[in-house]
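J.: Each chain is listed here by its residues.
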Amino acid sequence: MSPTLDAFVRSWPSEPWLVASLLLSAAIYVRGWRSLHRRDPERWSLWRLASFCGGLFAIFLALASPLEPFASLWLQIHMVQHLLLMMVAPPLLWLGWPLLPTMLGLPKPIRSVWVAPLLRSRRLRNWFTRLTHPLVAWPIYVGVTWFWHAPRFYDLALSSTRWHFIEHLLFAAAALLFWYPVVRPYPSRPNWSPWLLLPYLLLADVQNTVLAAWLTFSSRVIYPHYANAPRIAGVAAIDDQAAAGVIMWVPGSIAFLLPLFLIAVRLLRGQSRTGAGSPRRTTVSHPLPFESTGLLPILSQPSRAPSSHRFDLLHTPLIGALLRWRYFRPLLQYTVGVLAVAVILDGLLGPQLSPLNLAGVLPWIHWRGVLILGLLIAGNLFCMACPFTLPRGIARRFWQPTRSWPRVLRNKWLAVVLVALFLWSYEAFALWDSPWLTAWIALAYFGAALLVDSIFAGASFCKYVCPIGQFNFMQSLISPLEVTVRDANVCTSCKTKECIRGSATLPGCEMGLYQPRKAGNFDCTFCLDCVQVCPHENVGILATTPGGAIWSDRLRSGIGRWSARPDVAALAIVLVCGAFANAAGMIAPVLLWQDQLRERFVGMPPLAVTTAFYACALIALPALVLLPLTVVSRHWGIISATNSQVAARFAMTLVPLGFGVWLAHYSFHFLASWDTIIPATQRFASDLGVDWLGPPAWICACCRPAADWIIRFELLAMGAGLLLTLYAVLRVSESFATSPRRVIAAAVPWCAAAIILYASGVWIMLQPMEMRGTLPDESAAIAQQASR
Amino acid sequence: MSCRNAIRTLTFACCLAASTLANYAANADGGRLVHVERVDGFTISIFVAPDPPRVGPIDVSVLLQRGDDDAIADDAQVAVSMQQAGDATAFVSGPATREQATNKLLRSAWLELPAAGRWSGTVHCSIGERDFTVPFTIEVGESPPAWTAIAPWFLWPVAVIALFGVHRLLQRQRKNPRSDRSRPEGRLLQQ
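Protein chains in written order, with full-length UniProt numbering: chain A, 1 to 788; chain B, 1 to 191.
Note that these hints are calculated values from the structure, not bench results.
Zero decoy hints are in this set.
Some, not all, of what chain B presents toward chain A, calculated at C-beta under 8 Å:
(1) 33
(2) 43
(3) 72
(4) 74
(5) 104
(6) 146
(7) 150
(8) 153
(9) 154
(10) 156
(11) 157
(12) 171
Here are the computed distance ranges between Cβ atoms for each label pair:
(13) 151(B) to 147(A): 26 to 32 Å
(14) 169(B) to 5(A): 50 to 56 Å
(15) 159(B) to 196(A): 34 to 40 Å
Don't be surprised by glycine CBs; every beta carbon is placed ideally from N, CA and C.
Same shape as in the complex, but just chain B:
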């Protein structure tokens, strides 16, 4: 194999690896349904992703439906706050909006949870002049070591090396006359 080909192939392999790795990162909001409650004529469903939630960014999505016909409540302002049990300083909050959600039925809030343990969440809804809150709790696990999240980005050369090894093996087999020339299509390929 000429060196130019090796570089082009490497570039191609990099593109393929990058596209495969990036597809892993694709993540729709929604996640696991952790709480459903009917309050004041509304049904509030709360989803949390990832499942199980871990230290770091989590997505809290809220589905707000009118109780009578399950229609989506469009005119609501929703915010989510979370506080760690037993630690008043560990508090995060943010608005839940349709713009942040992939599924436009939901309202999504991205929150950065700094520590593992039990977290109490509250969804604050304002619809017209009515305000109500819905509490929920989640158990947040330790985040995996930072390197695991990024591991595919530095382990990808292993795949390329393996592919190169296979390629070399096949090339060597092809160069070996004993394995190919005895067979009809082997003779053809040698032409």
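Same shape as in the complex, but just chain A:
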């Protein structure tokens, strides 16, 4: 094999996203095609499948094969690439009759909610019909072809990846329009004469011949890029150009003349249709007659699966069995408890340098990251594994408290204060940088849980006190799973109500959540006591709509309605604002601003600056903004509900955006510094006399720049949060306002606030950040040397 050919076959560009897109398209088509093939194997033959997949493969060859890197060196290769995109892939795709298989292959909600309205839109259908009319498609195709073959624009595409992408996109789009009337894929039924296709294809071949002849017979190299390109395998630029012209001429002519011949034969035999859908020719102007194509039933299928079909985590083979096992939760708690003890011991007795200490990395980098990712993919997993309630569980074997939590405190106001204090103290006392304080916080948690729950019955600590629990309850509103009943009818006939009352051997819900009236994950610790105690096995961990509980104001067991809970709304606002304040506290501009403030007010202690910052971010700013937003929203939407009700409902809608920021922030630390746990564990083990883990690999604790994909992930997370918030605002607004115009008017102020918050979040994430809990490069190197 020649070296050039050898290099060619090894030059595969990395295009994972293109390949993934093509595979996804193929999978959707195949799914729909299989269903159609079962109903009518003659019409939906294997050949249709092969055509469509062949079209996708042609795109793959054009853009993700060695043709792509060699196109900039050889014009003939570039021409092959364009032929694949313009003359091979589009007709093959249309020959696969993609509309119905793709429709059927799409998930039902996408099909019925998004695609069906688009296909039903008369305006869009008219547009497409006009664009694919031969008199329109031909000039578009020829115009695009000649435009991009002009030397100036051809060179522009070769010099810029982005322009090259646009060139290919336009080529493919124009070619899809051009080949549509030729193939007339089922169920299209054009209202123009098929005889029009004869001049259509003939003239297309003529213009192709003219362009190809220009390239073939030109005495000079037309494109400067190829004139300057190095000679590969001894092929001169002028010869390369002539070869490109021949490729365009001969295969191009075959591509136009072969269908011309076939269509002409068919027309002469008296068949007016090439698409083979319906034999009769129509004179009606409806572009897509759904009733005759079988598309209407597909589009009209209900989008929502029955509730019995919801995914249930408890029914999954391995995880389900584990979760149903009675001792699974204690096992989790003891495991996390051991880690907590290690954190306390190392925090109190180990080196007081955060990256070297388990108490410096495990809670602030790993636990927070795992917590938020757990909330994203499953639910409130930390409360399920919470070790702080272990001592109280042991104590309650000997002592059963009988007192009830004070009525005046049966709300979230105490928790709001504690959460705000926790967020403030994290920054004010640099908790992430103090293993000793971290250890004391963990100890305080054990002590507080034991004390509160030794005095008061139920899970008073979890429900009314624990700041971590409040964070988890609020963020788990976005989780995709919830503990809920499988069949409401079973609960209606249940007389014993063990899920709330408990049985002789097992407790009921200590959080006071009565399963049949429970909605969403708020206040649910995922303890699974209800799962264990239900005699009908009617409680599961079912899939739910992330955020769905936010815009519903139904009466919830143990909580009531959102509109009647200003304390819950305040908790939501503190956690949303806390997300931004917490992330802003570690970026360079905010740190600089704090320094400037200290310089300006000489003698102002850092604690005062941090306190002022948090007082502004968590109390003053929300208070100043919420009232005008509520008043404007009520006024514009002409809402009859009270200010408090409106503020409480809309405040909850900001939770998804806050979740996006928490996710971006915590996952940034976790994903960028996950391996800091390795040297800290090695050091801790070594201190305990366990040497088989080896000497600490301090280089893993070193501060490194975050990978590009992490910032992209952060922005995607915040964007998704924004969209969910905007959707929640719309739904809440719909529940208040009476007409579409008022719905929009009531939503506008809150949407504006969400967008401003999102913009500030993006700004924060794009700033240089302190890599807390990691060692500077030099320190890591010194430590590494010292350990050797």
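Please arrange chain B on chain A, whose structure you already have, making use of the hints.
T.: For chain B alone, kept in the frame of chain A given last:
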């Protein structure tokens, strides 16, 4: 539209947006040919991407051919160094290898240029016992603001919002009996 559908659609839209955005990032090496020179019986072609080069990572690809028959020189060691004119401290260098190149005819080096201005580059080639260098210069422009490179990643919700707006509009049109029921296919769709 039910909320579950909205979330599924959002997920689907996120996947589509991510795949479209990521396709933009695909970039083959090669770029613009900035210099060709025949030295010691070899032809060296130097390509630089992006075009025009800007502050930040740039790709310098080298095509090394034997002068007599344009065959690719396989047994060469190639390195690229770049120095900013008038600033001796601004110096970057790196090996150019086939492994880093998409087009395996070329040898590619990724260099991080810290400042704008005129940069003098040198390609160092070693073939057997022969060593030679090829100088070239490029004008490096200021990098666009950092946010522009990442703009699609935070502006994508705008596209989803626009799509949602269109969807709502179509849905409203569909619910409006005046626009649909008067037409035959409108009646069919109402069934």
